[in-house]
Amino acid sequence: MGLFVQDKDIVVPGQELAEGMDYLPSGDVIREKDKLISIKVGTVSINNRFVKVIPLAGKYTPKREDLVIGEVVNIGFSGWRIDFGWAFEGNVSLKDAVAEFVEKSADLTKYYNLGDWVLTQIVHVAGGGKIIDLSMRGPSVRKLGPGRLVRVTPSKVPRIIGKQGSMITLIKDSTNCKIFVGQNGYVWITGEKPEQELLASEAIAKIEAESHISGLTDRMKVFFEEKGITRKE
Amino acid sequence: MTYTQRFDGRKIDELRPMEAKIGVVERATGSAMFRIGKTYAVAAVYGPRELYPQAMQNPLKGRLRCNYNMMAFSGSGERVRPGPSRRSKEISLVTEKALAPLVDLTAFPSTVIDVFVELIQTDAGTRCAGICAAALALADAGIPMKDLVSSVAVGKVGGKIVLDLSKEEEDHPDGATDIAVAMSTRTNQITLLQMDGEVSADDLKEALQLAKKGCDAIKNVQIQALRDRYYQEGNNE
Chain A
1 MGLFVQDKDI
11 VVPGQELAEG
21 MDYLPSGDVI
31 REKDKLISIK
41 VGTVSINNRF
51 VKVIPLAGKY
61 TPKREDLVIG
71 EVVNIGFSGW
81 RIDFGWAFEG
91 NVSLKDAVAE
101 FVEKSADLTK
111 YYNLGDWVLT
121 QIVHVAGGGK
131 IIDLSMRGPS
141 VRKLGPGRLV
151 RVTPSKVPRI
161 IGKQGSMITL
171 IKDSTNCKIF
181 VGQNGYVWIT
191 GEKPEQELLA
201 SEAIAKIEAE
211 SHISGLTDRM
221 KVFFEEKGIT
231 RKE
Chain B
1001 MTYTQRFDGR
1011 KIDELRPMEA
1021 KIGVVERATG
1031 SAMFRIGKTY
1041 AVAAVYGPRE
1051 LYPQAMQNPL
1061 KGRLRCNYNM
1071 MAFSGSGERV
1081 RPGPSRRSKE
1091 ISLVTEKALA
1101 PLVDLTAFPS
1111 TVIDVFVELI
1121 QTDAGTRCAG
1131 ICAAALALAD
1141 AGIPMKDLVS
1151 SVAVGKVGGK
1161 IVLDLSKEEE
1171 DHPDGATDIA
1181 VAMSTRTNQI
1191 TLLQMDGEVS
1201 ADDLKEALQL
1211 AKKGCDAIKN
1221 VQIQALRDRY
1231 YQEGNNE
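Residue numbers (the numbering used here), protein chains in the order written: chain A, 1 to 233; chain B, 1001 to 1237.
Be careful, since some hints might not be right.
[Said to hold, decoys possible] Computed list of lysine-lysine pairs in DSBU-like fashion (alpha-carbon distance at most 30 Å, straight line):
| # | chain 1 | residue 1 | chain 2 | residue 2 |
| --- | --- | --- | --- | --- |
| 1 | B | K1205 | A | K130 |
| 2 | B | K1011 | B | K1089 |
| 3 | B | K1146 | A | K33 |
| 4 | B | K1212 | A | K33 |
| 5 | B | K1213 | A | K130 |
| 6 | A | K33 | B | K1205 |
| 7 | B | K1212 | A | K63 |
[To be verified] Here are the in silico distance ranges between beta carbons for each label pair:
| # | chain 1 | residue 1 | chain 2 | residue 2 | range |
| --- | --- | --- | --- | --- | --- |
| 8 | A | K221 | B | I1012 | 50 to 60 Å |
| 9 | B | Y1052 | A | K110 | 26 to 36 Å |
| 10 | A | E226 | B | R1227 | 26 to 36 Å |
| 11 | B | E1168 | A | S214 | 45 to 55 Å |
| 12 | B | M1071 | A | R31 | 38 to 48 Å |
| 13 | A | K227 | B | L1093 | 48 to 58 Å |
| 14 | A | G27 | B | Q1005 | 46 to 56 Å |
| 15 | B | S1085 | A | D173 | 39 to 49 Å |
| 16 | B | P1053 | A | L149 | 46 to 56 Å |
| 17 | B | F1007 | A | G27 | 46 to 56 Å |
Honestly, the hints are just simulated from the structure, not real lab data.
Built from N, CA and C at the ideal position, the CB exists for glycine as well.
The task is simple: from the sequences and hints, build the whole structure.
Right, here's the structure in full:
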């Protein structure tokens, strides 16, 4: 009876996490008879009676209201198709992208062209992820200017942002770059100098590799100090 | 003539040395290498991605699609003719069936999850090594799985029930029976059972007991590999 694992333990698919009815399955945990079983590789998170597994690997699955970064891959008569790393492309319809009146035969490339990168928000997911509506209206969505793209495991995104954005602020202040993080694990870095952008992507790679080990913020501060960067407070 | 001493000096219930590694194919969603003796299998998982032709899409759940391939230079001596063959198509199918009951693809409707199993070097037991590698690669790709799968061959060589046959044993002059078995690691449910040769009902039961023992040992190697991937990356705690 009881728990077989501790908080933050690394577990594998099929591993028994708990026995008995005292604990309840949450994300990526299933109940089979009286046992709780992990269905992914990840770290255990125990919250009162709820046991969940935070996956350490895997592709992004779209969720409503997520901000994602994607590329314009197709233009239709009344909208754009965006590839954001999921099995299916998302659709931005004209009314969710442009405020002004657009003529029927207008050239849509003047708003968003093929190959443009955008930070966009998922407004609707249907058909189990086959149909995805995106929106270019809202406070943080935008077309992304020149910069570089870094891809990380989607489950590591919360660690890159940090508590109340503490980690991302640390990187922004230390490298003097603008950074946008999509929930799909795409990170867009724009800086004045290429060296700054490279330093930011190096920092993000370090977070991705070490995110499951505690004391990450302190280690990142040391990382920037070793690079000889004094942060403006 | 009975088979008293195994060709490579192993005990009758001893596996060949094993090794497993996760994340060997950088561009894949998930990947793994599994080695048993001189048999090397590399598996790479891509997806979930959109399934074409569209008529094959299932709006209720995703599809698992496996591909088994022995590389041209992999055999012991003779060149393997490249490209699909009757044999590789069959093994692709049984690999798929061995894994399908344990993966839950209801979260990915209309998509496909591609599993490519490549055998770099072969010395019998390729489908088993392939299944072990594929199970690890699926776990690394973050595909929901109720359980891992371990697989091993058992058989009867010269009148003796032995675990994990080598190529030399499969080609024993007195004849050999080769039984490929795959089991889920936690519940020991059989997901693959194939036999080449003849064996009595009692011998089969004995062989399956031996396979269970072998799968347990393989399971430990597989689980350790999955954990090592994340412990090593962070230079330990």
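Here's how the hints hold up against the structure:
1. B/K1205 x A/K130: The hint is violated at about 47 Å.
2. B/K1011 x B/K1089: violated (34 Å)
3. B/K1146 x A/K33: holds (13 Å)
4. B/K1212 x A/K33: holds (23 Å)
5. B/K1213 x A/K130: violated (43 Å)
6. A/K33 x B/K1205: holds (28 Å)
7. B/K1212 x A/K63: It is violated: about 41 Å lies between the C-alpha atoms, which goes past 30 Å.
8. A/K221 x B/I1012: 50 to 60 Å: Check passed, 58 Å falls within 50 to 60 Å.
9. B/Y1052 x A/K110: 26 to 36 Å: For A/K110 against B/Y1052, whose Cβ atoms are near 33 Å apart, the range 26 to 36 Å holds.
10. A/E226 x B/R1227: 26 to 36 Å: Cβ of A/E226 to Cβ of B/R1227: about 29 Å, so the range 26 to 36 Å holds.
11. B/E1168 x A/S214: 45 to 55 Å: holds (51 Å)
12. B/M1071 x A/R31: 38 to 48 Å: holds (43 Å)
13. A/K227 x B/L1093: 48 to 58 Å: Given a distance of about 54 Å, which is inside 48 to 58 Å, the answer is holds.
14. A/G27 x B/Q1005: 46 to 56 Å: holds (53 Å)
15. B/S1085 x A/D173: 39 to 49 Å: violated (60 Å)
16. B/P1053 x A/L149: 46 to 56 Å: violated (31 Å)
17. B/F1007 x A/G27: 46 to 56 Å: Hint holds: Cβ distance 50 Å, inside 46 to 56 Å.
Going through the hint list in order, the structure does not satisfy hints 1, 2, 5, 7, 15, 16.
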